[in-house]
Structures are given as C-alpha cells and as structure tokens.
Amino acid sequence: MVQWRQRALAGLCCRCIISASKGLSTVFFFGHWSWVGQMGLRSESDGASGRPRSRLLWWVKRGLLAVCVIYVSVPFMMRLFPDIIKHLVYSHRVSVPFFVNLSQPADLYLNHTVNMYLKSEQGISLGVWHTIPESQWKEAQGKDLEWYQDSLGAGIPIIIYLHGNGGTRVATNTAVKLIEQGIVVDGVIIEGAYTNIRQGGAHHPFAWFYWKFPGFEYFFLDTMAENNIIFPNDENLKRMRSRLLILHAEDDHIVPIHMAQQLYEIAQSAQNSENQVKMIPFAGSLGYHHNGLYKDPHLPGIIREFVHTLAP
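Residue numbering for the sequence shown is 8 to 319, as defined by the numbering used here.
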C-alpha cells in the first residue's frame, strides 16, 4: 500500500513539473493532497498587465496637464478678451428653463400675461412679461397686445419684477435712473444683494478656484471695473429716497449677510429714517442659502405688508 502511494505521488509530481515547464498553471487534487505548478507564469502575467497600466498612467498625466493649462489660461483669457467675462456675468445667452419658448407665457401656465419687447437707447431688445392685476382679469378676456400696453397707463400701481440672474444687481440702479427722469419710485425690494460687484465677486463660487491665484484682482476684479461692470448698490442707496426692504438669508454662501447689513446701514444713514428702511434676515437653520427664500411660507405676507405701506 505504501509502495503504491509513493508511485502515485511520483507520477503526479512528474505531471506537475511537465505542465509547469510549458508555462501553464496546473493544480492537481488527489484525496487530501494537492500540487500547484506555476513555473514561467509570473513573467508572462506581469507583461500583460503592465501595458494597460502604463497606458492608463499616460492618460492620467495628460489629463492633469490639460486641467493645469486650462486653469492657468482662464485668467489671461479674461484679461485679453473681456467680452468673455461679460457673458459670464450677464448670462444673457443662457435661457432657463431650456427648450421653452419664453415668448409664450401661457405655455408656463401664466394666465392673463402677455410677452412684449422693449428697446433701449442702445438698441438692445428686452423681452418682458406683463401680467395684469386680478381686478382686470374679466376685462382682459380676448384682448390684444395693444390693450395690455394701454392698461399700463390706467393709474393702477405697477410692480417691476427684475427676475432671475442679475435682478438685484440692477434694481437699485433702475430706481436711481427713474428718479433722475423725475419718475417717483415708491419702494424697492432687494434680495440677497451685495454691496458692489467687486466685493461680491470676491465671494462668488467661481472665485473660490482663483482667490489664491497671483493677480486675482488684476485679472478678474479690475477687468470687470474697466469694462463698467460695477453694480454699485452701496452708491445707489446713498441717492435713493424710496422705501427699501432688504431680504437676506443668514446662511447665504454666495453673498455673505454682512453685505446686507452694510447696505442697511448705508440706506438708513442716507435717508435718516428708520421707517424708510427695513431688513428681514432669515435664520440659517432654515437652509435657504442664496436662492431659497421663495420657500419661506411667510414671504408672501412680508411682501404684501411692505406693499401696503406704500399706499398713499
């Protein structure tokens, strides 16, 4: 019995050695015994896996190089081609929501609303929506665009809502321009507004990538100022005499609330009246950040109360 096992063991060992010499990995099981042949396997495996690894490393290196080149190039592109920064600031080429015809307000479930175009002195055409008050809904049935335009002179109070990107940037400037033309502005509401774009731009998420970049002010902030991209809310409030309501979230991550506090103090000092200026902060625990004040259930009541104070 012992002799037979020795012969079997010798035969299996020979088979294992022969298989291994051909560069194969062979495993034999016999009862409680096992043998593994791996001769010549390691060098072949390493050669096969080495090529994909080196190829992956090649792509990673070039990807990182491309990111670095783009990162360094952006400030110089902004400085050399200031129109780029204008497009980023105004975003007038971006239409949100996408694939929606904004000239058809009815498609967005806006009743008693028409689309009109206003042309500025510079030849720029602005698309605006005119929504009539509830008291005119019945009268507006079946009326054309001319009727809506004439209704603006019916003596009903008009609210100009500067919505979306850039609303608070131009609200105070619009009020000042109207005052210069002798048009009385009863009240102004600004939400999440900064003091001016130089200070606000330094806190913008885009600036987080470059605030340690050498010459950050020269490449970005100075370029905006030289191209008349200023939005000086702080300076405009010094000239305004209209009632002012400031709305701001304490957890605003784009425009820190201390800027709203500065605007509040500037407006109070300019108008020398506590009744003319009001600031309502929204607790950071509500999680509204920069764009979420519309979620607050008390917001309609706040605006309604402010508008009622404007009534003669």
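It is worth saying that the hints were derived from the structure and are not from the lab. Take these hints with a grain of salt, some might be off.
[Claimed, not checked] Simulated restraints, written as ranges between beta carbons of each label pair: (1) ASN118 x LEU306: 15 to 25 Å; (2) ALA290 x ASN118: 31 to 41 Å; (3) LEU63 x TYR116: 48 to 58 Å.
Idealized CB from N, CA, C, for every residue including glycine.
Now the hints, each set against the structure:
1. For the pair ASN118 and LEU306, the beta carbons lie near 21 Å from each other, so the given range of 15 to 25 Å is met.
2. Distance hint check for ALA290 and ASN118: the Cβ-Cβ separation is about 34 Å, which falls inside the suggested range of 31 to 41 Å.
3. Evaluation of the 48 to 58 Å hint for LEU63 and TYR116 yields a pass: the beta carbon distance comes to about 51 Å.
The structure agrees with every numbered hint stated previously.
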